[in-house]
Amino acid sequence: MGQKMIEASELGFTYADSEEGIREISFEIYEGEVILLTGNSGCGKSTLLKCLNGLIPEVTEGELNGHIYVLGKDREGMKMHELNREIGSVFQNPRSQFFTDNTTAELVFPMENYGYSKEEMDRHLQKLTEDFSLQGLLDRSVYELSSGERQMVALASSLTMDQKVLLFDEPSANLDYGNAMKLGCLIREMKQKGMTVIVSDHRFYYLNGIIDRVFFMESGHLRIYGSEEQFKQSGYHSRSFDIFHLDVPFRENAGSDEEVLSVEDVSYKNILKDINFNLRKGETTVIVGANGAGKTTLAKLMCRSIKPDHGKIRMKGIPFFIMQDPDYQLFGTSVHNELTLVKKDEESIKRYLEHFGLYEYRHTHPFDLSGGQKQRLQIAMAMLCDKEVILFDEPTSGLDVSSMLKVSAEIIHLSRNAATVVISHDYEFIRHVADRIVYLKNGSIAEDFRLNKENLSLLNGIFHEMQEEVK
Amino acid sequence: MKSFKLNPIVLILINILAPSLYIFINGTYLQPVLAVFCGALLLLLGYYRRFVIYLILYAVLYGLYYGCLYLGMQFIALFFLVFTQSFPCFMLASILISRYSSAQLLSALEDLHLPRILVVAATITLKYIPTFSREFRYIKESMRLRGIAFTIRKPIASFRYFVAPQLFRCAALAEEVTAAGMVKGIDAPMRRSSYYEQRFRITDVLVIMVFTLGVAGAAIWARR
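In order, the protein sequence lines correspond to chains B and F.
Numbering-wise (the numbering used here), the first sequence opens with residue 1 and increments by one.
Numbering-wise (the numbering used here), the second sequence opens with residue 1 and increments by one.
Just chain B, with the same shape it has in the complex (with noise of 0.2 Å):
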């Protein structure tokens, strides 16, 4: 066994203004180790990454007890700078990674703020370049970027300090399944350079084979597995470990006849070439392919936000649109008044409230619910709208996997009275819910087909070739 890299004795944090918190957490980390950090949503894992990196207390306000040490120094006499010379980290949020706006600005920017000479950091620049093959990605505006190569750029500047210890928050939330695959390579390399790497996340089939201990979080309180194995063997949802040999039923339903939407050789840019489909109602479709593939360009033309260059869309208005982030979609002044914008029916508005929870919050400010409750008032928005196509984005990005079991069976719900369109990179969520698949391909639909168990090996060969593709 390693250096001790972090020692953690009955650490507890209660936060200002909410119940959730850690409760008395001890727990040693070694050179070397890479440790899963999981547990449903809420369960504290943020919470105790945030004691980690020293934005509790510094950033986040409440109640700290306990010791935490890095290197042997007691963490409560060390500075920010100080403890962030040994921890990096890199936050869950693709926007809020970074500070500045440009890459090679970001990638400096720790350098500039620890004064280091211009010699210095070309030196340290063009390292850093070459270890995380960043050669076309300097100087670029990081909006710019696609969710992997954004990840790569966060992953490099947050490593520019040497540091030894490195904190993941959800990584996989926005990666597709083969830049995750690549992050897991990573990390396996890290790992083997003596780097110790703690991961929070709910999806962890890009982990398999590399972790060395697994910390569950349940309600604050902390469960250790010595081993990747014995914690196979716990039967939390491990089986998302080997994803492609998931036992889901196959859900057999061809949808109704009547057809909602029609994509006829639509063309957008150099982004989309003829691309031709049909929805029908009672029929979920699962659009997959890589980031940049165009899957989001499509959703854009569906909803009228752009128009095709060539070729035509025939529907009766626009889908109803859920977007990733809920809070670009809240515009009420409460739970209830959110419904009553889509439609004026009082009876139909209670029925939903009371079978997605939100009865008791009707009263509540949209954005004072948590992330699961926003999400469960879009379904129910979507529910209420009367639309007959639904798009869904990314919908279980970050949720944890029963989490993502209920929103499964709300699309299966909502798809009986319409047409559904998931853009997902998930699979799990995929054999869960999917009818049929759309595969886009460098902006061509290069597969569409009946999800059943015939046609299984077709979807995981697009999942291999996805991973293929990021190599």
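Since the hints were made in silico from the structure, they are not lab data.
Just to be clear, a hint being listed does not mean it is correct.
[To be verified] Coverage of chain F stretches by chain B, computed from C-beta distances (three or more under 8 Å per stretch; other residues unrestricted): (1) 101-108; (2) 167-176; (3) 180-190.
Here a beta-carbon is modelled for each residue, glycine too, at the ideal position from N, C-alpha and C.
Fit chain F to the known structure of chain B by using the hints.
Below, chain F alone, put in the same frame as chain B:
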């Protein structure tokens, strides 16, 4: 002439000074001087398209001002006058935001030997403006998808739909940006270095000299 280099400190200084000068010098004289100066700076830095847009906007604002005066609406005319007078400063601010990254602004502000906390706050505020415009477009689009139109018939409700999400985003963003800076050593006590060369060049001195001469000219013109 995108290659023309200008130290952001020059722009920051002028942007702080210009509005305060209206206290000492009559706006009728100061304003044209500032407008010509800022317009010339835009051209010098290669923002030709923006120059034309600003020229048109400026003319429209002036037109509105005189139009209101002509119609006897003094109060509204005053509103347009204030807007026209601050217009040159908007031009400068737009260069500051679009030309320099937050890292460059941070280094420039550091050179002024201001306290670090003030420097960080100013940088975050300046960089929030482009973020705001991105979020603005996003929310507008999302309102269209929800079928909540921005209508004149219900101005207050429309405005509320628009502003509430922005405010919530603003609070969340402030916290995220702070966290992103904190984990990257923004609080380090050592003197911050800069990857981007920010030397004071002869061109910077010339720009400041022209500005000073212009202001002095406006002051003399006002006294005559």
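Checklist line | Index of numbered hints that the structure contradicts, given in increasing order | finding: Of the numbered hints, all hold.
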